[in-house]
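J.: In order, the protein sequence lines correspond to chains U and A.
Each residue of the first sequence is one higher than the last, beginning at 45 in my numbering.
Each residue of the second sequence is one higher than the last, beginning at 9 in my numbering.
Take these hints with a grain of salt, some might be off.
Restricting the straight-line Cα-Cα distance to at most 16 Å, the calculated cross-link-like pairs of lysine to aspartate or glutamate (EDC-like) are [stated by the list, open to error]:
1) A:K232 x A:E53
2) A:K360 x U:E258
3) A:K288 x A:D325
4) U:K324 x A:D412
5) A:K175 x A:D79
6) A:K250 x A:E478
7) A:K288 x A:D328
8) U:K324 x A:D367
9) A:K288 x A:E316
10) A:K232 x A:E28
11) A:K175 x A:E21
12) U:K266 x A:E381
Which bits of chain A does chain U cover? Going by a derived footprint, with three or more residues having C-beta under 8 Å, they are [said to hold, decoys possible]:
13) 340-354
14) 384-392
Pulled a few chain A residues facing chain U out of the computed Cβ check, cut under 8 Å [said to hold, decoys possible]:
15) A324
16) A361
17) E362
18) G363
19) I364
20) V365
21) G366
22) D367
23) L368
24) E372
25) L376
26) G377
27) Q379
28) A380
29) E381
30) R430
Honestly, the hints are just simulated from the structure, not real lab data.
Please read these numbers as outputs of a predicted model, since none were measured by experiment.
Idealized CB from N, CA, C, for every residue including glycine.
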Amino acid sequence: MSTTAPAWQRATQHRLFWPIVALVVLLAVNTINRPSFLSIRLQDGHLFGSLVNLLKNGAPLLLVALGMTLVIATRGIDLSVGAVVAISGAVALSFIASSPSPDSLTTVLVAVGIALALSFVLGVWNGFLVSVLGIQPIIATLVLMTAGRGVAMLITGGQITTVNSAPYKAIGSGFWFGVPVAVVLAGLVFAAVALLTRRTALGMLIESVGINPEASRLAGVKARSIIWTVYAVCALFAGLAGLMISSSTMAADANNAGLFIELDAILAVVIGGTSLAGGKFSLSGTLVGVLIIQTLTLTVTMLGISPSVTPLFKAIVVIAVCLAQSPKVRDLVAARRRRAAPTAAAAAEVSA
Amino acid sequence: MTTAVPDGRPVVEMTGISIEFPGVKALDGVDLTLRPGEVHALMGENGAGKSTLIKALTGVYSIDSGRIVVDGAEHTFSGPGEAQAAGVSPVYQEVNLCENLSVAENIMLGHEPRRLGAIDWRATRRRAGEMLARLNLDLDPASSLASHSLAVQQLVAICRALVVECKVLILDEPTSSLDADEVAQLFAVVRRLRDEGVAILFVSHFLEQVYEISDRMTVLRNGKLVGEYVTAELPRLELVSKMIGTSLEVLEELEEAPKRAVADRDATTPFVQAVGLGRKGSVQPFDLDVYPGEVVGLAGLLGSGRTELARLLAGADRADSGQVRVGGALARLRTPRSAMQRKIAFSSEHRKAEGIVGDLTIRENIVLGLQAERGWARRLPRKQVDEIVAKYIDALAIRPANPDALIKNLSGGNQQKVLLARWLATAPRLLILDEPTRGIDVGAKAEIQKLVAELAGEGMSVVFISAELEEVLRLSHRIAVMRDRVKVAEITNDEDVTVEDVVELIASGGQES
Chain U
45 MSTTAPAWQR
55 ATQHRLFWPI
65 VALVVLLAVN
75 TINRPSFLSI
85 RLQDGHLFGS
95 LVNLLKNGAP
105 LLLVALGMTL
115 VIATRGIDLS
125 VGAVVAISGA
135 VALSFIASSP
145 SPDSLTTVLV
155 AVGIALALSF
165 VLGVWNGFLV
175 SVLGIQPIIA
185 TLVLMTAGRG
195 VAMLITGGQI
205 TTVNSAPYKA
215 IGSGFWFGVP
225 VAVVLAGLVF
235 AAVALLTRRT
245 ALGMLIESVG
255 INPEASRLAG
265 VKARSIIWTV
275 YAVCALFAGL
285 AGLMISSSTM
295 AADANNAGLF
305 IELDAILAVV
315 IGGTSLAGGK
325 FSLSGTLVGV
335 LIIQTLTLTV
345 TMLGISPSVT
355 PLFKAIVVIA
365 VCLAQSPKVR
375 DLVAARRRRA
385 APTAAAAAEV
395 SA
Chain A
9 MTTAVPDGRP
19 VVEMTGISIE
29 FPGVKALDGV
39 DLTLRPGEVH
49 ALMGENGAGK
59 STLIKALTGV
69 YSIDSGRIVV
79 DGAEHTFSGP
89 GEAQAAGVSP
99 VYQEVNLCEN
109 LSVAENIMLG
119 HEPRRLGAID
129 WRATRRRAGE
139 MLARLNLDLD
149 PASSLASHSL
159 AVQQLVAICR
169 ALVVECKVLI
179 LDEPTSSLDA
189 DEVAQLFAVV
199 RRLRDEGVAI
209 LFVSHFLEQV
219 YEISDRMTVL
229 RNGKLVGEYV
239 TAELPRLELV
249 SKMIGTSLEV
259 LEELEEAPKR
269 AVADRDATTP
279 FVQAVGLGRK
289 GSVQPFDLDV
299 YPGEVVGLAG
309 LLGSGRTELA
319 RLLAGADRAD
329 SGQVRVGGAL
339 ARLRTPRSAM
349 QRKIAFSSEH
359 RKAEGIVGDL
369 TIRENIVLGL
379 QAERGWARRL
389 PRKQVDEIVA
399 KYIDALAIRP
409 ANPDALIKNL
419 SGGNQQKVLL
429 ARWLATAPRL
439 LILDEPTRGI
449 DVGAKAEIQK
459 LVAELAGEGM
469 SVVFISAELE
479 EVLRLSHRIA
489 VMRDRVKVAE
499 ITNDEDVTVE
509 DVVELIASGG
519 QES
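Next up, chain U with everything else stripped away, as it sits in the complex:
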C-alpha cells in the first residue's frame, strides 16, 4: 500500500461525495425503470426529454435555494420565500389581467418589474427586522410567511387569476436557443451569484459574519448591511421564482403557489453541505441538493407511487444524506473500517 490515499478514497472524503452518489442512484433507478429516461430529443429546435423537464421544473427551487444559501451562511433563515413566490406571481398576473393589452411585451416587462421590485422591498423588510431590530430570523421571516399569503389573496381578490399572455408564458415555458428559458434564467442567476461571492470579497465577508459576528464587527466588517443585503437578494430571487411558477401554469394561486418551497430550499441547502449554524457555504452543493430533491419528486411520480407519500421518500433521502455527512457518523464508520482492515489484510495475505 502506498502512503498517499488512493484517488477514490480522497473522492469519498469530498463534501459532495454522498450527495452526488444519492443523485446518481436516483437517476439510475429512473433509468432502470424507464430506459428512455436519459434520452434527450431535439424537436422543432427545442430540447425535450425527462432530464430537460427535470431542470426546468427545478429552476424555481434553485433560485430560492440560492438566496437561502446566502441567508443561512449569515446564521439566518428565511421562511417567507414561499409567500414571496405567491405575492410575486399574484402581482404580475393581476397587472397583466387588468391591462388592456395582455399580449404586449411592454405590459409584461412592467409587470415583471413591479413584481420583482415588490419582492425586493419585502426582502428589505425582512432584512430590516433581522439586522436593524435584531429580531431572530426565524421569527422575523415568520411574520411575512404567514401574512404574505394573505397579501397575495388580497391582490388576487381571493380568486385564482388566469391570463393569456404569450410573452409572459415564455418565462416558464419558452425556449431560448433550444434550452428552456427558466433553465437559462436560473443558470444566469447561479453564475452571477457565484461570480459575485467568489470573485469579490463578498463571500468571505458573509462567511466571516456567519462564523463570528462579533469578531467580524470588531474587524470593521459592515455586518448589518451584509445581512440586510442577503435578505433582500433572497426575496428578489424568490420573486423571480414566483414569476416562473405562475408563468408555467399561467395562473396565480395565492394559496398554493410556492407552498412549502421554503422547506425544500432549506433541505437543498443542508443536503449541499451548508450548515444551519452559518459560516462556510457551497453554491455547487446547493445545486446538487436542488437536483436531488427535484429528481426524488420525479422518481416518486414515475414509479407510480401516490404523490401523497412523496414527503416520506424525501425524508428518507434527506436523513440518509445528512447521516452520511455527519462527522460523528463518519468517525464511527471510519473506526469500524480500521477495525475491519487488519483482518482483511491478513486474509489477503493468506490467500496470496
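Please arrange chain A on chain U, whose structure you already have, making use of the hints.
T.: Just chain A now, kept in the frame of chain U:
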C-alpha cells in the same frame, strides 16, 4: 474589622484538590476551609482557578484527587443536586431566575409545598414570605420578579438558596452589576446570615468590598494555593502582589534589559487625546493622551475598567460622555469601523469570541480587517494578499506557515500572532492590545513583547493592557492605573518605577496613605 474572627469547627474542608482538563492543570493541590459564621473571600486573578474550585465544591466538576468534607462527612459529589442536599448552595454571577414568574414562585421553585399532589399556592406564598422576612426584605411575594431591580433579584436568588437547609452559601461576583446602595443592602443580608452561622464564600474583584465584608481569605494563583489569611492582618499591597505573583524570571532571561526610553514627546500634539471620555456602568470619565511612538500601559486588576477604557478608544463600545481627538481633529468613534478609518486598531482580550474567525484560513483571517476596510466590492488582488500574508507569516513566525490552515487549529500564541498580523496589515497609527500575551507560551510572549517595542520605535502608538505588571512595566513609557472603573493615577515609567510602586497605586487607589 470589629468582629472577632470565628474559629469554630470547619463546615467545609477541601484538601489537596486537583482537577485536570486536557492539557491544563486547572487546580493543583488546593485547600479551602470554611468555618460557620464567617465570610471567606476567594481571591485570584482570571484563570487562577476560583471558578473551578467553586464548581468542585458545588459538584459541577468531579475532582481528580483530594478530599471534600462537608459537616464532618466526606463527599464525592457527582452533580449539583448532591452538593445542595449536603447544604452547599451557590448563587451565580448571572442571576439564574425566571423573570416571568413571581417572587414567591422563584424562591420556592422545585420545593413548592404540595397538597393532594397539587401545588399549594397559599402555602407557597406564605413560606416565601417567611424566607423574605428572614432576610428583612420588604417584598410582595406575589409581585413579578421582572418588576424588581437587579439587586433585589440578587437577594431573591439568595432567598432561593436558603430554602433548602443551607450551611454554605457561595456568592460568585454578586456585586458586579450593583451600585453602592445596592451593595450595602446585599451586605446587610450577608452579615445577617453570617451571624446566623452560615459559612459564606465570597468571590469579588472589588478589593474594597472584600475588605469590607470578609473575615478570612484564600488566595489562588495559576491553579495553586498561595495561602489562607485573616483579612484584617493582610495589607492590600501584599494581597495584590500575592494575586499577581512575580514569576517572570524565564521571560527576563529571554530578553535583554528593557529599553525604557522616553518616547518622542517633542511631537506637539498627541495622536489620540481623550477628554472626559466615559460610559455609564462601564468606565468613569477619564482623560488620556497617547503620543506617537509611545507605549501607554494600562495597569489594574481584572474588572478595574482597563478593557472598558480600551473599548471606548476603539469604538467597540459607544461613549456617552466626553470627546476624543485623533490627530488633533475631533472624532466620533461610534463603531470599530469608524475607529479603523482613523487608523485605530483594537485587539480584544477574548481571542476566541471576539478575535479569530475559526472556520476561515490564516490567509482570510489576516486580510479580514484590510478587506473590510476596502469594502466587499474591491477585493484585494490575490497577488497582494499573498504578499501580505507571506510577509506576516514570516515576520511573526506564524506556525504552521501554511496560509490555508484553519485558524481554529492553531495554538493560542499563533492565533494571537495572526490577529496581530490582521491589525498590522491595516497600517494602524494606534494599536490597542488587550491582554495580547494571555494564555500563550513563554516564547511567543517574548516575541510579541519584542514586536510591540519595535513598532513603537517606528513611531506607532500602542496602548498595552496586561494583568502581568512586569510586562506592562517592561514595555510602557507611561502607565495609567485603573481601579474600580476609575482611572486613578498616571505615572511616567522611568528607571525608578518598580512593580511594587504600581501595586501600591492599585491598592491605594492613587491616594497618598
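J.: Hints first: check each against the structure and report whether it holds.
T.: Tested hints:
{"no.": "1", "hint": "A:K232 x A:E53", "result": "holds (12 Å)"}
{"no.": "2", "hint": "A:K360 x U:E258", "result": "holds (10 Å)"}
{"no.": "3", "hint": "A:K288 x A:D325", "result": "holds (11 Å)"}
{"no.": "4", "hint": "U:K324 x A:D412", "result": "holds (15 Å)"}
{"no.": "5", "hint": "A:K175 x A:D79", "result": "holds (9 Å)"}
{"no.": "6", "hint": "A:K250 x A:E478", "result": "holds (14 Å)"}
{"no.": "7", "hint": "A:K288 x A:D328", "result": "holds (7 Å)"}
{"no.": "8", "hint": "U:K324 x A:D367", "result": "holds (7 Å)"}
{"no.": "9", "hint": "A:K288 x A:E316", "result": "holds (11 Å)"}
{"no.": "10", "hint": "A:K232 x A:E28", "result": "holds (12 Å)"}
{"no.": "11", "hint": "A:K175 x A:E21", "result": "holds (13 Å)"}
{"no.": "12", "hint": "U:K266 x A:E381", "result": "holds (9 Å)"}
{"no.": "13", "hint": "340-354", "result": "holds (count 5)"}
{"no.": "14", "hint": "384-392", "result": "holds (count 5)"}
{"no.": "15", "hint": "A324", "result": "holds (6 Å)"}
{"no.": "16", "hint": "A361", "result": "holds (6 Å)"}
{"no.": "17", "hint": "E362", "result": "holds (5 Å)"}
{"no.": "18", "hint": "G363", "result": "holds (6 Å)"}
{"no.": "19", "hint": "I364", "result": "holds (6 Å)"}
{"no.": "20", "hint": "V365", "result": "holds (5 Å)"}
{"no.": "21", "hint": "G366", "result": "holds (6 Å)"}
{"no.": "22", "hint": "D367", "result": "holds (5 Å)"}
{"no.": "23", "hint": "L368", "result": "holds (6 Å)"}
{"no.": "24", "hint": "E372", "result": "holds (6 Å)"}
{"no.": "25", "hint": "L376", "result": "holds (5 Å)"}
{"no.": "26", "hint": "G377", "result": "holds (5 Å)"}
{"no.": "27", "hint": "Q379", "result": "holds (5 Å)"}
{"no.": "28", "hint": "A380", "result": "holds (4 Å)"}
{"no.": "29", "hint": "E381", "result": "holds (6 Å)"}
{"no.": "30", "hint": "R430", "result": "holds (7 Å)"}
The structure is consistent with each of the numbered hints, conforming to all of them.
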